[in-house]
Structure formats: structure tokens, C-alpha cells
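Chemist: One-letter residues, chain by chain:
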Amino acid sequence: MNLRFDLLPSDIAEAHQQFEGWISTARDVNEVNRLKGVFTGRKASHLTTLTELLKQTPKESKSDLGALINHLKITWETALSLRLDQLISKNSTSSIDLTLTPPVIPLGAVHPIQRLEAQIVSVFRSLGYHVEEGPEVETEENNFDGLNITPSHPARRSSDTFYFQNHPHLLLRTHTSPVQVRVLKRLSQKNKEGVSLLESLEGIRFLSPGRVYRKDEIDPTHSPMFQQVEGMLIGKNIGLHHLKGTLSYAMKALLGAEADVRFRPGYFPFVEPGCEVDVRCPLCKGQGCRVCKSSGWIEILGAGLVHPQVLSHAGIDPTVWSGFAFGMGIERIAMIISECPDLRLFFENDVRFLQSMREVR
Amino acid sequence: MRLPLSALQKEISGRSLSLDQVRQYLPMLGFPIENLESLSGDTLLEIEITANRSDVLSIRGIARDIAAKIGTSLSHIPDSSIVEDSSAFPIYLESPLCSFYAAALVDLGESTYIPHDTTKFLDLIGSSSKALASVDASNEFLYRYGQPTHAFDLDTLQGSVTVRLAKSGESFMGLDGILRMLTAHDLVIADQVGPIALAGVIGGDRTKVTAQTRRILIESAIFDAVSVRTTAHRFNLHTEASNRFGRGVDSSLVIPIRNLLAQTIAQWTKGRVTAAWNVGLLPSAAPMVHMPLSLLQRIAGRSISGSDAMAHLERLGATVVMDGTSLNVTPPSWRHDLTLAEDLAEEILRLDGYDRIDSTLPSMDASPLPMPFEYTQRIQLSEHLAHLGFFQTLTFGFHGPSDEIGLESEQSGRRLSNPLGEEYSLMRSSLLPALKKAALQNLRNGQAEIRLFEIAPVYQSQPEGPHSVLTLALVWGGRAGGEDVLTPAQTISPLHLMGLAHTLQLHDIKIVEIGSGLLGFEIPLPSKPPLTSPLIPHFVSFSRHPMVQRDLSCIVPKGQIYGYLESALKKVLPPACKSLRCVEVYAGKGVAEGYESWLLRFQFQANRTLTTEEVDGWMKSVVDLLPSMKITLR
Ligand SMILES: [Zn+2]
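Order-wise, the sequence lines are chains P and U. In terms of my numbering, the first sequence is numbered consecutively and its last residue is 365. In terms of my numbering, the second sequence is numbered consecutively and its last residue is 1132.
This is chain P alone, in the form it adopts within the complex:
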């Protein structure tokens, strides 16, 4: 909107021109108060003159003048009160000493683990993944049975997994994989026409970030609680090449264009084939350094094609549907990238650490 200064009476227009100068040279509170009377006083000021003028102005320019008056009022009032504050707050006669210590505007920080988690999520969001969350307190069924982990598997032992005293079938989830089981069971449900949710969606891809628990004593590389991000894609004719393409894209998006992934055979009961996924060391770009034990590669993910038993357990036909899943420990990745030597720092909540992890150096 263009302000119509031409509507101003000439004396006010001239006064406005001088206003800035007068304000900045006003030596004391009295002088500012005098200017305040002249410009914005309640009686016989430029402002009251203009308000009177507005009443007599023909309709067609009334709104233009109104806008101009409003603008001038705010300009004048702001400048006057600022100058007044300046003169009152310090008995200084000139402007403030700019070499003084400036005030610090306090800034906090999101926890580095959540920030990394959010970055991972946003990369996969760009590939159409959404987030599925599940509870930390899980059933043995979802945490183990549904994931093809046999009843005698060592991970189920009370030396590895936390159980509940009065609810023997409940445990603290040892990985975020039970979210897969929950989602797959939901997707296998059929509507009245006999069409499953999975069929109507034509597949699904999602990430499940969250806290997991394992019965490890706290030391520089172990913690009874840590965070994982898992991902899953279910579709038709999904193979290892799709898994490689997806992880390769994601790692480049996260770590830079030089990031590259390498698959090695691996074993997890809920995938077949399974793989360990290495990423080209982001610190030495594959040249070999202390962090990657001079191999140029860092093991960062476990992955594989969803085991047919996992699909059929959830009521999904593995001869029609196939998919992949992958998982990573966020603290582990954070420690590798940040070269932070001690896992415990992430749980000590020392503000000095949280502050240092906020700044990218």
C-alpha cells in the first residue's frame, strides 16, 4: 500500500520531515516530552489536527488519509517511547556504549539423538515413508514370536530381556521390530468386500523410531536403553536390489554424495536373506582411518528381505507380497559421526554436552 503523503497539510509534512532529527538530538526527558505534546499530545497536537482533518475529508480519500494517520501515529509513538526509554534507562547523555557485553538470548537444544532421528525420518519421508510408533512395553508375541524368533532363542532369556513381574507375557521391547508385526497384522485385516488394507493401499513403506531396552550394564559402549530406527517396505516383487537402492539413496541424503553402501551376508531371524550393511566411512571418505579401523567402511545397519514366516504369521500371503526391512541404532551412528567416545554422555544430560552437540563445527 502506498502512503499518500500528499494529503498532509504542509506544516505537518514539514514537521514530520524534521521529526527524526529532533528526536535523535533531544537531550533529556523534558525535551522528548515536549515533542510528544507537539506530535501526539491529546490536545492541539499534530495527531489531533489530523484526526479533525479526517472528519472533514471527502469520502474518496478518507481511507488513504486514515492509513497515513495510523502510520504516522505508530512511527511517532514508537520513536518517542524508544528515545524516552533510552534516556531513562541510562543517565548517559549519549547513545549506549556498544562495546559493552551484549545480552545473551538463551537458546536451548533438541537432544542430539532426537535430532539425528528426525533427520533420518525426513530423508525417508522424501521417499514416501511415514512414521509408525509402537509401545515400549510389548508382548512376547510381538517382540519375538511374530518375528520368527524361536522359543529357545537366547535373546529371550531374562539375562537379555527385561520382563514384568506381574505380567509374565509382557516385556520391554528389545528392538523396534515389533512395530512391524503390529503394522502387518493391521494391514492384513480385510474390509467387508474381503479386500485387505494392504491390498487397498497397494503396499506400504514406513519407519519406526523409538526407545528399546536390553539388559546391558551401563558402560562407555552399552546402555540398557537406546534408540533405533527401523524401516519396512512391503510391495510386490521386492528384492535385495530394491533394498540396496533405498539404503544407498538414504545414506547419500544423510551423509553426502560420496556415501556408498556395501552389503555383506548377515543373519537376523526375521529376514531372509539377511545382510549387514556397511557405509563408506564418512570421516575419511573411504581412505581408511581410526574410526573405520582403516577399512574405509563402517557397519551401520542390519537389513534383509522380510522372512516369509513373518508375513504369514501376520496373515499376509508371502507368495503374493514381499518386502524388505532394515534397522539401525541411532546412538551408534551418532557416536560414529560425532566421534563421541562415550555412550553415557547421551544419557547424562549435561547441558555443556547438549550445548556442544547443538553447534556444528
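Possibly wrong hints are sitting among the right ones.
[Claimed, not checked] With a straight-line cut-off of 16 Å between C-alpha atoms, the simulated EDC-like cross-links for lysine to aspartate or glutamate are: (1) LYS297(P) with GLU544(U); (2) LYS297(P) with GLU532(U); (3) LYS59(P) with ASP856(U); (4) LYS935(U) with GLU352(P); (5) LYS219(P) with GLU532(U); (6) LYS219(P) with GLU544(U).
Note that these hints are calculated values from the structure, not bench results.
With chain P held as given, fit chain U with the ligand onto it using these hints.
Modeler: Leaving out everything else, chain U with the ligand in the frame of chain P:
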């Protein structure tokens, strides 16, 4: 697992195998190298083995995979056939948990010679020589070939040997000198006096071989894997034998290793094998697995010919029959992990090289779904708080009963049965105890002002188990400001927290003092958005007309509460009054004893330009009200 390079080379026939090749192939076959060192003129590799591969718990098993990868064969196990005859000592298999038992008797000679190669090998592998031929030879073959064996001192055995379940109440003294009470689920080898071995786990003290032993009974058997695992776990007794039997041994080795062991011991001691016989039946071949080539193609992302697939599987020891567009595969006796077509596909790709798998993004056809509210809320709220100067903490989901003091919440359903310690035994019902600990630690570290928050679930005991509620907790306290000329020092007060809650649009917060000048609040977060949130908020019109501000300085008797004044004034103020604030409270010079000066600020705005007269009128109604509250204008 420890792997001496020379021992690995010895198992490979027809080709020399360099260290570089080994270092290259092992990780690609799925055995990452953990450590590598030069030791006693050899190279010792330490590798990681996945839980599903029982067949690679031996030098020969690893060598077999390398040979398959480079297309060569294994050297023969030293030929040591023995003529088997009928039972020379009564052995009975009472339990189906032991299907086959190969036995031999050896008369030991006078020699105590053990070859240098054997002692060196045992040293490298991390199991030193026991200077007893029967023990050292048994150990050597266990590590080389993966078949555990055991030798009993024949002259200590009473009557006969039976493989049976223990009787409950029976006890057993192992080679480790520990007496264990057995259960009716533990498989034992027993003579007529009692148990002489925990089957597949550990031998017994009473019948062990010593330097005085003259005659031995050799055992090379197959025990049920689950039974061995369960017993080993029950007694927390994880031995080299239980590790192998517990995952399944190679039935084709049971007899050859019995023979090799018997003859080796006889040879080293200058004694002789007096008998060899078998009890029970060797298991039949594993069930055939049917693999359509289309499945292989789907998994690999490219076409692999039937003959290539067949060749890979045959190199791993499988028997393969091509059936049109499918392969019918009988896994070898040492691969208990190959039961599905997917398992076979993995084997083919493992030999073919995972590095040869293409890299393609899958189709994007499936509908993208919205992000869940709870996740978005957590991320946005924490970013918001970070911008407001707060640090997000990350604390464990459990704490101890002493953290619950002052919190009234049923504990029974939240209690872990096997916590790391009492201080980690309860799923927490509040985030504040952990935040308080973090805050106090930061105060001790010299932080003047504490601003912390956490967003995490808290738990309530409910009949069906712990019920989680996503919760925000926040701690603010200490001294703010005072670090520069423009920001006066101030103590954080509950008013600060109320202002913060207002900014965050959190209602009904209950501020608690948690000690050391720290204040906090905790509030469950909504699990559903208040409205279905569109991409961008719905437009609400706002006034562009000038805002009129009036200040009123009044003298108030001490003890008057601002809230009363505010609600009284709001009753007489028009809707155009958009804001009423008390911006200053002053007592002292210029204000009479027993009184305070309050500066009230009124802001008026409407969808039209307000006139001075109407604002004056509203202010007059305010002024008129003051005397009734014993308030005068300053
Ligand atoms: Zn590196």
C-alpha cells in the same frame, strides 16, 4: 572364533590360499574379521559367526565356504577306517534325545608323546595342551572338524552306560569340580552308579581320564540340539561341546571322527584300538527344499540361470535336481539352516557375491500415508522448547522406588521381574525425578539457570499391564539474567512457568517446587490433534485499525490480589479491550507505607477506528470502579 591361517590352508586342497585372499573372502561370505595378529610364526584371525551357522564352528567349516567361493575342494580327513564289530561294552540309548552313539575302546600305551603341531595348534586356538593324548586329540578334532567327542576312563565305569534323562534329585560332579543338582529335563550319560556326563555339555569328574588311565571308552554321538541348549542354559554352562551340539552337528562326521580319534590316541600312546561299534541310527537326510527360479530372480533382482544356481549349491555340498523352472535341493548333512527356498537363494547370492546385487529404487506406487500426530507433536514441541532456551534430556524409562517418594501411584504392575538393580526396577510414573537429578547435576556443574525438558512415556499400573501416556515434563529454575547490563538478574518464579505454559498453549498445568530453587510441571500430551490439522491454518480476519493504549497508575493497599482487580475490571470493560496487564508493581519512595503502586496497561482495538471519547468513557468506568476496591489513582 579363532582361526589359525595354517590350519585353514591345510583344509583346502589343490590351491594355495594367501592371507590376502582370506581377508578378502571371509567378510564377503558373512564372517567379518574382528582381529588379526601374528602369533608363533602363524597368523591368527578372529572372526564373527552368525547364530544360524552351526557348520562353521570349525576350521573345516570355514574352509568349506572359502573352497566353495573360489571353486576348489577340501582336503580329505586323514583316512582311519576301523573294522566295526559288535558291542564290546554295554551301551543303551534310553532317550530319543540321543539318536546315535559311536563308541570305541582303546588300550593306552606307555608313551606320553603329543605332536608339536597339536600343542601349537591348541595354543593358537586358545585351548592349551593338557598333556593327555585322549584330551588333546579330542580337543584338536573338535576345533578342526566341529565334532565334539569325549573319553571316559573305562576302568572307572560301573556295569554299563546308558543315555537317559536324569532323575530329579540326582546330582552330578562335572570336570569343573562343581556339583550340580539335575532335573528330569537334563540328558545324562550314566553308568550303574549314576551320571558320568551331562550329555553334550560336560564330562564327569568320577570317570575322567588321568595320567593313570590305562583303557578308555570313546564317545562320538548326536544329541538333541534344543535339549543341550536348555541344559547348558539352566546351569549357565556354555562349553565348546554344548555350543556345537546346541546348534546341531554334522552327522556324517560322527563315525569318521570316532575312528580318527581312536587311532590317533592309539598311535600317540603306542597303544591299540580294541573295539569300535555303533548304537542307534544315523539321522536320514534333511527334507528336500523346492526353489522356483522365479523366486531367486525376484530376490536377486536379475536373472540367474538354473545351471549357475545349481553349481553354486553343489559347491556347498547340496544335492540338486533341476525340475523345469525349479530346483529340488537336498541340503548337506552339516547345513541345518537350509529349510526354505529363501535360504537357498541367500546361499547362491552369498557365493555369487552380494556386491553384484544391483541398486534400484522400488516403485513409488503405494500411497504415502500421513505422519502420526504424536510423532509430529513430539518433534515440533521439542524444537519449540529448544528455541525458547530449553534443553531436551534423554533419561531411562525406569527408575527406583526411592524416586517415587511423593508420587502416589500403584507400583505393582510397573515392576520389572529382572531389573539391573533396585534403582532401575520400576517403569516410571513421572518424568520429574529424572529431570530433577539432571537439573541438580547441572547446578553442581555451575549452571546458574536450569532449563530442561523431556518428552517420553510415563506408566500407570493397570490390570492388563503398564499403560503408557506420552508426557511433557519441564524443569526451570535458578537465577536468570544478571550477566549483562541490560538484563537484570532475577529468580525464576512460578509466574515464569505460567507464562511459558501460556505460550505453549498448555492448560491446567500444576507447578511443583522440586527443591534447590527448581520449579517444574508435567502434563500428558494429547494423543489426537484438537482439529484435523490442514497444511496451513484457516484464515481468521484481524483488525487493521489502530490500537489505542492507555496506562493507569494506581495506589493499592498491600495485600490486594491482582487477579481480583482484573476480573472486576473485565466485567466493566468492552470487548474492544483486547489486553489488560499489570506491567509494574512498585513500593517505596513516593508511595505511602502499606501501599503499592500498580501500573495497569489497557489496549483497545476494534474493527473500526476508535474515538478518543469512547476510550475515555471506558477508562472512566474503570476509574469509577476503583474506590470500591480501596484503590485510588496515583
Ligand atoms: Zn574412516
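Chemist: Would you mind marking each hint as holding or not holding in the structure?
Modeler: To see whether the hints hold, each was checked on the structure:
no.	hint	in the structure
1	LYS297(P) with GLU544(U)	15 Å, holds
2	LYS297(P) with GLU532(U)	10 Å, holds
3	LYS59(P) with ASP856(U)	79 Å, violated
4	LYS935(U) with GLU352(P)	10 Å, holds
5	LYS219(P) with GLU532(U)	24 Å, violated
6	LYS219(P) with GLU544(U)	26 Å, violated
When each numbered hint is compared with the structure, violations occur for hints 3, 5 and 6.
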